[in-house]
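Asks: In order, the protein sequence lines correspond to chains A and B.
Residue 60 in the UniProt record's numbering sits at position 60 of the first sequence, and the numbers go up by one each step.
Residue 7 in the UniProt record's numbering sits at position 7 of the second sequence, and the numbers go up by one each step.
Hints are not guaranteed to be accurate.
[Stated by the list, open to error] Derived list of chain B stretches under chain A, where covered just means 3 residues or more per stretch with a C-beta under 8 Å from a C-beta of chain A:
# : region
1 : 6 to 15
2 : 22 to 29
3 : 150 to 161
[What the hints assert, rightly or not] Far from chain A, by Cβ distances over 12 Å, these chain B residues were calculated:
#  : residue
4  : P78
5  : G79
6  : T89
7  : G110
8  : G111
9  : T114
10 : R116
11 : D127
12 : D135
13 : D136
[Unchecked claim] A short, non-exhaustive set of chain B residues, derived as facing chain A with CB atoms under 10 Å:
#  : residue
14 : A32
15 : D56
16 : G108
17 : L109
No lab work stands behind these hints, which were simulated from the structure alone.
If you're wondering where the values come from, they're calculated on a predicted model, not measured in any experiment.
All C-beta atoms, glycine included, are put in the ideal place defined by N, C-alpha and C.
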Amino acid sequence: MTEFGASCGMAALLDRVSEGDQDAWRYLVEHHGPMVWGAARAYSMNRADAEDVCQVTWVLLAENLHKLRQPDALPAWLATTARREALRLVKARRRETPAGLDTLLLDVADIADGPENRAVRTAVLSRVAQAFAGLSQRCQQLLRVVAVAPDTSYNQIATALGMARGSIGPKRNRCLTALRQSLAATGMPEEAAG
Amino acid sequence: MSDFVPDELRALRAVLQLCDPVPERALDAACAAARFVSSEGSPATEVLELVADSADTPGPALTRGADRASRVLTYALPGRVLEMDLIPTVPGMLTARGIVIDRAGRHGLGGSVTLRHPDGEHTGVLDRHAAFRIDDVPAGPLSVTLRPTGSTPLVADWLVC
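Given only the sequences and the hints, what does the whole structure look like? Please build it.
Replies: Written out as structure tokens, the structure is:
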């Protein structure tokens with residue numbers, strides 16, 4: 001993975017992809033996959049729909065690679081495509097709300113490791129999940145992308161979510177403040193959240 | 001973006017990684033999409049443009065003679081349109097029914113329609129009314145290809161159905 005990141009610009013990387021270099025394609029997926037998933041999941045009602053959105057995004061890239069005029073615009077293209085396809089699918093499903101985490105809480109107990117930590121960890125994660133689910137739709141979308149794709153730039157986040165670039169930082173801070181206040185309201189000390 | 005990660009964001013990241021991680025299946029599917037890469041694009045094809053999607057109109061679309069919501073996609077090609085109903089049958093499966101007509105509502109086109117999905121494709125032949133039916137289409141990413149007899153194939157972009 002680092003082979004491409006360190007030595008290869010985006011244009012050269014896409015050249016290798018178009019020549020059928022599987023390792024170059026895999027690098028693209030590994031490097032941008034979390035951001036595509038974050039954008040898809042932010043607008044999809046469930047994981048199955050988000051998986052379909054991710055898959056169609058990558059297939060669209062594969063078939064339209066030769067049309068990409070600005071290689072450096074690839075992350076924005078991926079984010080825009082994932083959001084557009086997710087929104088299209090939401091319309092088709094006649095659903096209007098974003099994915100919440102409340103339906104996933106039952107999974108936490110099964111995944112947490114170590115019986116001695118399970119109860120505490122489950123309680124902490126459940127409170128974080130509940131606090132997240134109580135945020136506005138826009139805050140959930142923004143924090144989800146920021147959380148799952150920490151390397152994503154504000155420009156890419158703005159593109160993925162259809163927000164003004166200059167508003168990402170302030171909105172991120174406001175949403176984190178809202179999350180912090182919600183956690184405090186449930187009695188969770190700040191150090192426990194970390 | 002700042003390297004500083006607030007506690008709340010780290011906690012949220014942990015929740016998402018535990019409860020809602022990027023699925024391995026999604027990454028595998030993304031890697032498998034490499035087989036659709038073409039440096040020159042699809043050879044000798046034209047664009048089949050999606051011009052209407054019932055998903056964009058309010059209220060459920062009910063297909064003729066069916067009691068379950070279907071999705072209607074309309075594609076434009078020179079002088080004609082292809083209209084297709086995607087009808088849910090069993091969970092995860094669709095039946096596609098459609099017709100190719102000209103602007104005056106006349107048919108008369110021969111050829112076939114192929115629905116591509118990531119794992120393969122299904123084809124239906126246009127009958128004498130330029131209608132087609134394709135059963136057992138898996139729900140998920142799909143792309144429509146129209147192959148008029150004696151003419152260049154037309155290919156639509158992928159979308160999730």
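Asks: Could you run down the list of hints and mark each one as holding or not?
Replies: Results for each hint:
Coverage of the region 6 to 15 of chain B by chain A holds in this model, with 10 residues showing a Cβ closer than 8 Å to a Cβ of that chain against a need of three. By the rule of at least three residues with a Cβ nearer than 8 Å to a Cβ of chain A, the coverage given for the region 22 to 29 of chain B holds, with 6 such residues. With a cut-off of 8 Å between beta carbons, the region 150 to 161 of chain B has 5 residues touching chain A; three or more are needed, and the interface restraint holds. Residue-level check passed: B:P78 sits 21 Å from the nearest beta carbon of chain A, beyond 12 Å.
Consistency note on B:G79: stated as away from chain A, and its beta-carbon is indeed over 12 Å from all of that chain's, at 25 Å minimum. For B:T89, the shortest C-beta to C-beta distance to chain A comes to about 17 Å, beyond the 12 Å cut-off, and the non-interface label holds. Even its closest Cβ contact with chain A, about 27 Å, leaves B:G110 beyond 12 Å, as expected for a residue assigned away from the interface. Consistency note on B:G111: stated as away from chain A, and its beta-carbon is indeed over 12 Å from all of that chain's, at 22 Å minimum.
Every CB of chain A is more than 12 Å from the CB of B:T114 (nearest about 15 Å), matching its label as outside the interface. Interface exclusion of B:R116 from chain A breaks down, the closest Cβ pair being 9 Å apart, not more than 12 Å. Against chain A, the non-interface label of B:D127 holds: every CB pair exceeds 12 Å, the least being about 28 Å. Non-interface call for B:D135 relative to chain A: holds, since the shortest CB-CB distance, roughly 20 Å, exceeds 12 Å.
Remark: the non-interface label on B:D136 is consistent with the geometry, its nearest Cβ contact in chain A lying 18 Å away (cut-off 12 Å). The restraint placing B:A32 at the interface with chain A holds, with a minimum CB-CB distance near 8 Å, inside the 10 Å limit. At a threshold of 10 Å, the smallest CB-CB gap from B:D56 to chain A is about 6 Å, leaving the interface hint in force. Here the hint on B:G108 is broken, as its CB sits about 30 Å from the closest CB of chain A, past 10 Å.
The beta carbon of B:L109 is not positioned within 10 Å of any beta carbon in chain A (closest approach about 25 Å), and the interface hint is therefore violated.
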